[in-house]
Amino acid sequence: EAGVTQFPSHSVIEKGQTVTLRCDPISGHDNLYWYRRVMGKEIKFLLHFVKESKQDESGMPNNRFLAERTGGTYSTLKVQPAELEDSGVYFCASSQDPAGSSTDTQYFGPGTRLTVL
Amino acid sequence: LAKTTQPISMDSYEGQEVNITCSHNNIATNDYITWYQQFPSQGPRFIIQGYKTKVTNEVASLFIPADRKSSTLSLPRVSLSDTAVYYCLVGPFNQAGTALIFGKGTTLSVSS
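Listed in order, the protein sequences are those of chains A and B.
Taking this note's numbering, the leading residue of the first sequence gets 1, the next gets one more, and so forth.
Taking this note's numbering, the leading residue of the second sequence gets 1, the next gets one more, and so forth.
Think of the hints as simulated: they come from the structure by calculation, not from any bench.
Please note: incorrect hints may appear among the correct ones.
As the list claims (entries may be wrong) - Just some of the chain A residues that point at chain B, by a computed CB distance under 7 Å: (1) Thr-76; (2) Asp-97; (3) Thr-105; (4) Phe-108.
Ideal Cβ placement from N, Cα and C applies to all residues, glycine included.
Chain B on its own, in the form it takes in the complex (with noise of 0.2 Å):
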């Protein structure tokens, strides 16, 4: 599965955007690219997943390059219950039986 390489931390205030980037060069054609939230003592939390250009949902947007080598997490107006660990995530998830393979994380934290 291919490598991801995110931000290790980010501080944002509340009522901010906050983008993730996530880096994914040696994505495969049939790789998706999914993230997941994560508090503590909880298990991570499925968010948004996109193949191609932009997807958006209830919680998040997600942004894809043309050369979709890279990625970009939106969170729009944050607040504090925002805070946790942010994991991006790339395989071929259109096939069950996938496993995910989890980084470090970006570790947001949202203060007042």
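Extracted from the complex, chain A is given alone in its bound form (with noise of 0.2 Å):
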């Protein structure tokens, strides 16, 4: 079963510009989170989809990102017009709906390292 896929694996780009990037779930995953590290900082948590819709996206940093996750599958993050401090890493996560007595693993990506000079 294929893992979390994120793409590109690293992206350089300059002030101001746009940068889109994408997750692929593990398949069957309703959950879908985005979190990102930024350069000397712990992991943060951005936001959270169940299928297509948002549930928590408390973490955004502000309106300059912008998730969406049209039909449910995969997840894109874009940032418009990217800032110098956006610099980091960004992780997708997937998960499926705890059922029972199970609980919520979530399963990440290898990362985006997004790099704003």
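Could you use the hints to bring the two separately framed chains together as a complex?
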């Protein structure tokens, strides 16, 4: 079974440009999460989708960030316009709905390294 | 979510057993304890999760005392490939949508 995949693995852009990151969750996983780690900081939660609906976007830093998950499959995270402080590694994770006595285990992708110059 | 405290770093030799202890004094009744492992340039990888007592899988064991205010991740006979950052997280993980809160983790360095 394929894991969570992310594209691109690394993106270098100039300040003011637009970048779109993509995440393909594990097939069948309704929950999709975005996290990021900026330089020298811990990994921070950005938002959570259940299928195509945003359930929690409390971690989104500002309105330059737009996440979508049309059709409830893959998700995109667009940064427009990018600023220097947006540089970091963006992780995507997915999980199934826990049922019964199971718990919600989040499986992470390899991340996209974003460098804004 | 409960705040966790764990060592910043640990060093070990190959073949040794490594125990990483995490403190979570404010753990709530419905909180679970989860450990993730992260290699450089990769995403965090789920290792093990537990609620109480002892949990063992093919990778590690997790020991949780009765008061649940701490937990210990045990890695048997580590190898060089176990060099990574290990994160202890606590939260109501029986509910979907719980945002994981990562601390600085414990950087484990295994040498020969």
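Verification of the hints:
1. Thr-76: violated (18 Å)
2. Asp-97: holds (5 Å)
3. Thr-105: holds (5 Å)
4. Phe-108: holds (3 Å)
Hint violations for this structure: number 1 only, all remaining hints satisfied.
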